[in-house]
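Peer 1: Each chain, letter by letter, is given below.
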Amino acid sequence: MRRCQDLLQRLLNFILPSVAVIVLALAAAFPARAALGGDAASVQADQLHMQGSLRKTAATAYSVHEIQAPTGTVVREYVSPEGKVFAVSWQGPWLPDMHQLLGSYFDQYAQAAKAQAGVRAARRPLLIEQSGLVLQMGGHNRSFSGRAYLPDQLPSSVTQEAIQ
Amino acid sequence: MNPERLSQAAIATRWLSCCSVVLACAFSSACGGSSGSSTKNAAPVVAVSGANVLPIAVNSGPAGLYVDGAFASATVCVPGSSTCQTIDGLLVDTGSSGLRILSSALTVSLPQLSTSGGTTGQAAASEPIAECLPFLGSYTWGPVQAADVEIAGEKASSLPVQVLSDTAYPVPQGCTNFGLPSANSLSTLGANGILGVGFYAQDCGAACAAAGTANPGLYYTCPSSGCQVAAVSATQQVQNPVSLFSSDNNGVIIELPAVSAPAASLSGSLVFGIGTQSNNALNGATVYAADQNGNLTTAYKGKSYSTSFIDSGSNGYYFLDSTTTGIPDCTDLVGFYCPSSTQNVSATVQGANGNSGTVSFSIANADTLFSNNTDTVFNQLGGPSSNMFDFGLPFFFGRNVFTAIEGKPTPGGTGPYWAY
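Protein chains in written order, with the numbering used here: chain A, 2 to 165; chain B, -19 to 400.
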């Protein structure tokens, strides 16, 4: 237990200076623009679409906007210092509205998903690795998780492992 | 990532794993519970006969395109009649719940399920029910109809099933918004249907019966004006046929023999019930309870992946990514691993009840495996699935794997759980 407490203290020392958690109040109507590749306002559009609650976590290299939908699915949108959504992730019992979440990248995703269909099985995880878009999705009935990011728009200090 | 951040991340990981054990111990008496052996059990017995035993076969399926898919047949009848049809080539899937049949494979005419008109919170008139269910990489869409379903010697009466069709009702926008292709045809599904014998009594359950924003919007009612998302009661949703059997209804066992090399086909059994007959006892299998999302945790190289699962409907070992595993992706086959030499993998699974065990398996080069077109059974097939372990059909080779249904009592406790 003592080792646990020591680790906890060191963890807090690491977290507190660099991260601030801000709960945002609901803002007025935002344009229903795309999320991935869109600007920070598109996060609110997603939030309104999902009718979820929003929590923003600001880190030094980027901020994470986490939307908790009433269905239990959690969507995270990663926003660069320039205000662009460079990654999204989702986890929960139900697949989110990918059209809303991927915005202008939806067609690219849908075409890539279709190209893979029926290749030696209908049922396996989805993996799309293209120069402008990476998307990974796995899970089963009542449990989906995945992430999508724009590899050429990741802030320099952000690794793909940070997108969870 | 600089060394300082790396060490901070390592501290975070260690703290989380340390305290999660403490927390689990505070709420459970299962700490220090049973621990599985590091390799597969001695060759399990495959049941070959009994009213609760359905033969299954691993082969290329009715479309000739599958690898590592297990198929079986079921008989569907117009409820209360002797108008029946036996449909083969159904994918045996412990990762989903409910029977789905291609419209193109169905020759009997099943009655449509409709909402009861005038009920509070439902449509004013009686309206036909349809469903859009996303899987990985595809969705199924079509009307919900009723059938008496006979599987081996078991029967589920007036079972709501999904009939897969792009044309019975137009595919609604909420379905196409998943961005996935339809799996409503033989060439896209690779099967005549899906026999979903997983954890749940319904594919959606209470969430799809709820009104308002908590409803994930998978069920629709389809009056002539067009399909609209609707709250549909659990009893009118697509049901796991096993849970509606009059007996042997608390879960299933998939029994497949061990495989030492690629093969053209493999025969085994789907056994209904857990501890209900002399041929379906747990026999000392370790129970791995599923968490609220139907998952278990897998630890690999010091990191834990909490959305891992065991699924006969996944056609390989799908886990992590090439960066984490060091196993290269295939360059021409998207989604499979292609190591230059066969790689051994060892991971530790832990159920929500604290029971844990080591799982060891090997991954061969998928290009090499697929070079022989007659083989469909691969015990070393795998590919990436980020941040999780998806133990697919090869995991079932040489293991009798129990899948217990939610809320149903068994000698190993109440489902949902896996045991092997």
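Any given hint could turn out to be false.
Going by beta-carbon spacing under 10 Å, a handful of chain A positions derived as facing chain B [what the hints assert, rightly or not]:
#1 52
#2 140
#3 141
#4 142
#5 151
#6 152
#7 154
#8 156
Lysine to any residue pairs mimicking SDA-like chemistry, simulated, CA-CA at most 20 Å apart [said to hold, decoys possible]:
#9 115(A) with 45(B)
#10 115(A) with 24(B)
#11 85(A) with 165(B)
#12 283(B) with 115(A)
Hints were generated in silico from the structure; no laboratory data involved. For every residue, glycine included, the Cβ atom is placed at its ideal position computed from N, Cα and C.
Peer 1: Can the restraint linking residue 283(B) and residue 115(A) be considered satisfied, given a maximum Cα separation of 20 Å?
Peer 2: Violated: residue 283(B) and residue 115(A) sit about 33 Å apart, past 20 Å.
Peer 1: Does residue 141(A) pass the interface hint, meaning its C-beta sits closer than 10 Å to a C-beta of chain B?
Peer 2: holds (4 Å)
Peer 1: Using 10 Å as the Cβ threshold, decide whether residue 52(A) counts as touching chain B.
Peer 2: holds (4 Å)
Peer 1: Is the interface hint for residue 142(A) satisfied, with its Cβ closer than 10 Å to some Cβ of chain B?
Peer 2: Since the shortest Cβ distance to chain B is 4 Å, the answer is holds.
Peer 1: Was the hint right that residue 154(A) lines chain B, CB cutoff 10 Å?
Peer 2: Result: violated, 19 Å to nearest chain B Cβ.
Peer 1: Sort out whether residue 165(B) lies within 20 Å of residue 85(A), counting only the CA atoms.
Peer 2: It is violated: about 40 Å lies between the C-alpha atoms, which goes past 20 Å.
Peer 1: What's the verdict on residue 115(A) and residue 45(B), does the C-alpha distance respect the 20 Å limit or exceed it?
Peer 2: Measuring from Cα to Cα gives roughly 16 Å; hence the hint holds.
Peer 1: Going by Cβ atoms only, is residue 156(A) closer than 10 Å to chain B?
Peer 2: violated (13 Å)
Peer 1: Given residue 140(A) was flagged as interface, is its beta-carbon under 10 Å from a beta-carbon of chain B?
Peer 2: holds (7 Å)
Peer 1: Could you grab the alpha-carbon distance between residue 115(A) and residue 24(B) and see if it respects the 20 Å cut-off?
Peer 2: violated (39 Å)
Peer 1: Against chain B, with CB atoms and a cut of 10 Å, does the hint on residue 152(A) hold up?
Peer 2: It is violated, given that the least Cβ distance between residue 152(A) and chain B is near 13 Å, above 10 Å.
Peer 1: Restraint: residue 151(A) near chain B, CB-CB cut 10 Å. Satisfied or not?
Peer 2: At 16 Å from the nearest chain B Cβ, residue 151(A) fails the 10 Å test, so the hint is violated.
Figure legend: structure checked against the earlier numbered hints; hints not met, in rising order: 5, 6, 7, 8, 10, 11, 12.
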